[in-house]
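**Q** With chain A fixed as given, assemble chain B onto it according to the hints.
Chains as they are written, first to last, in the numbering used here: chain A, 89 to 305; chain B, 38 to 385.
Just so you know, the hints here were simulated from the structure itself, not pulled from any lab data.
Because the structure is a prediction, the values reported are computed rather than measured.
We put the beta carbon where it would ideally sit given N, CA and C, even for glycine.
Incorrect hints may appear among the rest.
[As the list claims (entries may be wrong)] Distance windows between CB atoms, simulated: (1) B:E170 - A:P171: 16 to 24 Å; (2) A:E291 - B:E177: 49 to 57 Å; (3) A:K305 - B:D280: 23 to 31 Å.
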Amino acid sequence: MPEAPIRERIGILGAGKLGTVLARLAVAAGYEVRIAGSGDPKFIALTVDVFAKGAQATTAAEAIEGAKLVILAIPLHRVESLPVDAFAGRIVVDAMNHWEPVDGPLAEYTEASGGTSSIVATKLPGARIVKALSHVGYHDLDAHARDERRIALGIASDDVQAADAVATFVRSIGFEPVVLGSLAAGRALQSGSLAFGAALEREALERIVVEHLGALK
Amino acid sequence: MSHLTFGVDTFADVMTDQDGKRLSDAETVRRTVELGVIAEESGLDIFSIGEHYRDDMLDSANVVILSAIAARTSTIGLGTSVTVLSTQDPVRVFHQFSTLNAISGGRARLTVGRASTTDSFPLFGFDLRDYDELFEEKLELWMKLLAGGPITWDGKSRPALTGQTLHPKLEDPLSTWVGVGGSPQSVIRAARHGLPLLLAIIGGNPARFAGHVELYHRALEQFGQPTLPVGQHSIGLVAETDDAARDAFWPVWRAATERMALERGWHAATEESFTHEVEHGALMVGSPETVARRIADSVEALGLSRFDLKPDIAGLSYEHREASIRLLGTTVAPRVRELVGAMESASA
Chain A
89 MPEAPIRERI
99 GILGAGKLGT
109 VLARLAVAAG
119 YEVRIAGSGD
129 PKFIALTVDV
139 FAKGAQATTA
149 AEAIEGAKLV
159 ILAIPLHRVE
169 SLPVDAFAGR
179 IVVDAMNHWE
189 PVDGPLAEYT
199 EASGGTSSIV
209 ATKLPGARIV
219 KALSHVGYHD
229 LDAHARDERR
239 IALGIASDDV
249 QAADAVATFV
259 RSIGFEPVVL
269 GSLAAGRALQ
279 SGSLAFGAAL
289 EREALERIVV
299 EHLGALK
Chain B
38 MSHLTFGVDT
48 FADVMTDQDG
58 KRLSDAETVR
68 RTVELGVIAE
78 ESGLDIFSIG
88 EHYRDDMLDS
98 ANVVILSAIA
108 ARTSTIGLGT
118 SVTVLSTQDP
128 VRVFHQFSTL
138 NAISGGRARL
148 TVGRASTTDS
158 FPLFGFDLRD
168 YDELFEEKLE
178 LWMKLLAGGP
188 ITWDGKSRPA
198 LTGQTLHPKL
208 EDPLSTWVGV
218 GGSPQSVIRA
228 ARHGLPLLLA
238 IIGGNPARFA
248 GHVELYHRAL
258 EQFGQPTLPV
268 GQHSIGLVAE
278 TDDAARDAFW
288 PVWRAATERM
298 ALERGWHAAT
308 EESFTHEVEH
318 GALMVGSPET
328 VARRIADSVE
338 ALGLSRFDLK
348 PDIAGLSYEH
358 REASIRLLGT
368 TVAPRVRELV
378 GAMESASA
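If we strip away everything but chain B, and leave its shape as in the complex, we get:
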């Protein structure tokens, strides 16, 4: 593993103060900017913001937040987790991110995906039955836009383009990853377009995605694409001790899964399922050493080049998130690199 990058993902999940009182939406947005600045201070490589349209995730205009962070930072990558390309106009996305790229001196990044929560479909007048088709078509357009120059394109999801050039032009390349949740077709699509793959692993043992990684590499080869990096996104919280991390995370995790259970008609987490996820599954909750070991196992099992932690759940205090990001950058990341280095020399 020549290089392993570490990032933070956030959906600007509603924050609370230390007494558990919900902050105003505007305050959560402002503090999300702070977290981006802290991520850079902590030595992390990338800070990415999602795109949702809900009362508990305030990232609907992620590029605006990223611009504010751009103005206060100088090295950290500014990404998305993910941009729901299906329900956006790729032309506008280009405008926004080429502008962000200009502001930040080439630090804009995107991860595009079909979305796992689908609030944007009714909001913007799209039909969920076109879930896959919209993404396919818009990703194809996106690839053309990235190439720059006059664009000629015709499709169903937006008016045709006949030789327009989009401005501001890209001074630096705009790196684009594809975020997938487990669909084999999505993995193949990323390979076909020659885009790096970010696996959203939010339940179960990460090693179960080894098949997806194999599929991705074999598909890249079939499509004549070069070898490309694979990353993992997972949810978690790092604190000084395992107990401190679990005690802080469990109440908000329970509340979040109870809410999802009501929305989606399935099960909320139990203390037993939570413990299992923390010890064997995808929740990266614990002390720096515990989380570093869990991540190193994943890096080894999946051949990862990138790991993004989302230390955000609605209701988790700002202070816990800040501490988590600092520990991720200053302690977990170097420790993972050390562990992975040791594994590699042992197997060399």
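Isolated chain A (complex conformation):
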């Protein structure tokens, strides 16, 4: 008799629009999912039960502990309030954007020549940062998971193994992973790029990334 597969655990920080969609997709893909809001888990328990049944509402510390991937789906300015030490050695998916309508202009991110994730990386030293799950809107992720013609999601990291782990996750929740060469290449997934806010297939995404990075040089 084959052994039951050990379910990998995904930690999601942020129980808003994006966090709850990702939790639902991850549960559907068979992951053990822990999700945390900014406060007491009881405040998000009902939300999680409605939008991501099967995920466990928990604290940030418990969501991070033992997780194969930790996904950051919080407003960018809240990065300052994360428990930095808990991220050491973890693969951390930066699914956040510098989104002025929500965050206001945050100068250090506006001026980040290596992209906003490079700034996040400096705030979480020791974490293996991967920029992903950030450029397709939460409603498109919800509507297009497992589309026959897979929607492509860009993955940008300087850590090849971490990027690979995120690619596996992306594939398992029903999207086509497109791994970019470096964390800085994630600039092609940010606001201002044609990839931002668009649900595209692989070829179109790859073309936009090449053109965008070419234009930045």
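**A** Chain B only, in chain A's frame:
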């Protein structure tokens, strides 16, 4: 569905004449008053004005426009879509709306929200990092103000209140809804305060908000609140035929989304995405029958008690808006009630 109310929402979006020439700001404001009067003539239940601080939306002093409409109407509800409570002083909002309520014989309504465009934050010196906290605190104060009587309150966002009573006192209750754009926390907040929920559905299939409605009803139950109504706000245009509606709407929609794309760094609408939104998504653009069927589907999927159409996009002519409002009131609303009635008897 015992009662289904229909409303018009506007941001006093800049109007054009029939030749596409931009009207002066003052003229757009005056004609917004006209549209309120027409909404009542057309049998609609509520006319609501937003709050923005932009060159293409002229609703910065919505309560002033509502007062003018109040003076020329007698039955229609006069609401907001939405009042950005986060960057206002709730005490002043109370003064304005209790006055509007007095002028109009109890027809003032509010929908409060955190805002989707955030121009009011820098304008009034607020930090967007306090986006949520400001709303939470001010909504709590607002609830106390609605209760009337001497107010004692202490918070971070305005000076403390120590037993003041606000005047004019409310002769009629001031109905307050919460407008939300999809954040689960906002849905729960509305339930916690026992306030009706208005869903701003401006993209994608409205049925995808069924989870929000479930969350809302379950949260109401958890907080020991009574069952409360849920409404939908969507953008659209009603014209005599589907083609006429699409032909009028598409050029201004394209221009509006191109502008938003530049501001927010995302995609403008394509003709393909527009068609998809009209046929399956949240844009209520078409003939009275088409729009009535789309709305009836939403009413059914989400258990709606209220539907507000925003037949305004910057650049759309006054004439198109007027026609749209007339058709909404005289043709679409009765047809939706008929369709929903038929669905209900079929399932009974």
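**Q** It remains to establish, for every hint, whether it holds in the given structure.
**A** Verification of the supplied hints:
Roughly 21 Å separates the CB atoms of E170 (chain B) and P171 (chain A), a value that falls within the hinted 16 to 24 Å. Restraint check, E291 (chain A) to E177 (chain B): a C-beta distance of roughly 51 Å satisfies the suggested window 49 to 57 Å. The beta-carbon spacing between K305 (chain A) and D280 (chain B), approximately 47 Å, falls outside the hinted interval of 23 to 31 Å.
Violated hint: 3 only; the structure is consistent with all others.
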